[in-house]
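Take the sequences, apply the hints, and build the full model.
There are 2 protein chains.
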Amino acid sequence: MATESAQQQASTPASPSLPSWKDGEARRAIVQFVKDATDENGAHYVPPHERLAVFDNDGTLWCEKPMPVELGFILVRLAEMAEHDPALRDRQPWKAAYSKDYAWLGEAITKHYRGDDSDVKLLIGGMLKAFSGMSMEEYTKMAGGFLTEAKNPALNRRFRDAGYVPMVELLRYLEAHGFTNYIASGGDRDFMRCVTEEIYGVPPERVIGSTNALRYQSGPDGGAIVYREAPDVFDDGPAKPVRIWSRIGRRPVLAVGNSNGDIEMLQYAGGKGRPALRLLLLHDDAAREFDYVGGAEKSLDLAKKEGWTVVSMKNDWTAMFA
Amino acid sequence: MATESAQQQASTPASPSLPSWKDGEARRAIVQFVKDATDENGAHYVPPHERLAVFDNDGTLWCEKPMPVELGFILVRLAEMAEHDPALRDRQPWKAAYSKDYAWLGEAITKHYRGDDSDVKLLIGGMLKAFSGMSMEEYTKMAGGFLTEAKNPALNRRFRDAGYVPMVELLRYLEAHGFTNYIASGGDRDFMRCVTEEIYGVPPERVIGSTNALRYQSGPDGGAIVYREAPDVFDDGPAKPVRIWSRIGRRPVLAVGNSNGDIEMLQYAGGKGRPALRLLLLHDDAAREFDYVGGAEKSLDLAKKEGWTVVSMKNDWTAMFA
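For the protein sequence lines, the chains are W and R, in the order given.
Add 39 to the 1-based position in the first sequence for my numbering, that's all there is to it.
Add 39 to the 1-based position in the second sequence for my numbering, that's all there is to it.
Hints in this document: simulated from the structure, not taken from any laboratory.
Careful, some of the hints might be misleading.
Where chains are identical, the list cannot tell them apart; a pair therefore holds if satisfied intra-copy or between any two copies.
List of simulated lysine-lysine pairs, DSBU-like, C-alpha gap at most 35 Å [claimed, not checked]:
no., residue 1, residue 2
1, K61, K311
2, K139, K337
3, K180, K311
4, K180, K74
5, K180, K344
6, K74, K343
7, K168, K311
8, K190, K311
9, K343, K353
Note that the structure is predicted; figures quoted are calculated from it, not measured.
This is the structure we're talking about:
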């Protein structure tokens, strides 16, 4: 064992390590997978252009409680609309936004992962109205402004500062070994793009996510991409592998998620005769973050059955936020 | 002028040049644009991550006559279906495929660019049936096989060998100056992906195009992406800027096309306060390729009005195919 570890260190002398990962099953699975994938003479070698890793975002790269970050943003926008139009104050989702009823919003997502989309549909309806007619430049400015200022109400830190340090280390570690990282999230693609490069080092062209329908509007200065009041893709569950293929045109070998919405993405990783690493994050750290399995029950069951690597935030990580 | 040219050569000593481009307005516009975009002290400097170029494929990077390459592929598949099912032989598009009526197929596309989608709809219906239920692996194998063998019936060379040498030089030239090239085509994305890396040096993740609807099918070996019998996106006209934004998350500064379907993509390049180069290829070389403006009339009118750079294949290029 000592010899193996020494060999491994010798083969990757200058690369980033995983300082916030305790020596345990999860860390060992990652290091071994990367070692095998980069060993040209090994049976599990993966050529550099096939070293593709896909990461969910909400609850995987950054904190999603008490509600996903994007909901915080939509909340602000919906409350603003209700401020101007009192008739909206009795209707969901404006009611929850206006009265700061965060619980209703968080629960809508949990219900979705349990198969009940009723509240998510109300939310989506509000979201469509919230941005309809807005140009991408306007949207990005508004979302970027929110992400510069707004705080997670439970953690007392900015939403953008609630990314997980060990995950950022993992992104750097993979890059150092020739992997290309993509974000494949149920969150809104263009919302995430405002900050993914800065927080995770993942540029806009490698962010896959949900989006409302868009249209091109001719005009001066090259025209604009404008939001329509219609849904397009909700990038969750079985939609994730399709979106990943559509964007990348190759099948990833590494997938990281934390909920039932990530199951198909995790299953899709690897493929016939190719190695795969599937990581499922377990939120079990009430002291430093949150302790919940709501919306992740099925994925945790599958992890046991199919041998996916469960990452315990409590036991596998020495640090949480920067 | 001599001094300027010397400076320019001095600033890019080791980069690929454009040997198949004659010294003329088009070549000069390209060289000047790239010079300005890479001049850190100039007013038209473009930072490397914003140096994005989008290229149409059919009729821009490779020959689209007597019909687009992908139609050749669909033809083979449709003829095969009609071979097995005689009832299909009297119905379009199987009739055209079975009787090798290339004119009907080419005209369907020309009609589309004139605003008449009737035949394109028949074609799409056939195409949807042709691949319905097929996994992406099966489709890619079939398309790759076609692209290895099949010949353009008019040029007497393989379809894959009917890419334009000056365009490949342009791709390399741009790359050498820090640009990232994307293909943004009305052609089927996963069809193009079989060869874009080899022919153009553009990897799968930088190919944007049309696609039929796909679904994820769970199963052994990580499941599969499978074709549904439904359309998804026809990446043409105003859909192009939307698809480009969706994929890249940034607005390109350089766009290259050859037809009315590229107008919005060409207009979208640049944006407020940013430089842009728009190239429109004119097929005017009956001796080496084809001479036609069908489906490009509006774009040629706009090129005059808006000052886009028209590239004459006859007058601006010394070579055509490899």
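A quick look at each hint next to the structure:
1. K61 with K311: within (32 Å within a copy, 49 Å between copies)
2. K139 with K337: Within one copy, since 30 Å is at most 35 Å while 52 Å is not.
3. K180 with K311: Classified as between; 15 Å across copies, 43 Å inside a copy.
4. K180 with K74: Answer is between; shortest inter-copy Cα gap is 31 Å, intra-copy 42 Å.
5. K180 with K344: between (45 Å within a copy, 33 Å between copies)
6. K74 with K343: Intra 24 Å, inter 57 Å, cutoff 35 Å: intra-copy only.
7. K168 with K311: Between copies, since 27 Å is at most 35 Å while 44 Å is not.
8. K190 with K311: between (44 Å within a copy, 32 Å between copies)
9. K343 with K353: within (18 Å within a copy, 65 Å between copies)
Checked against the numbered hints above, the structure violates none of them.
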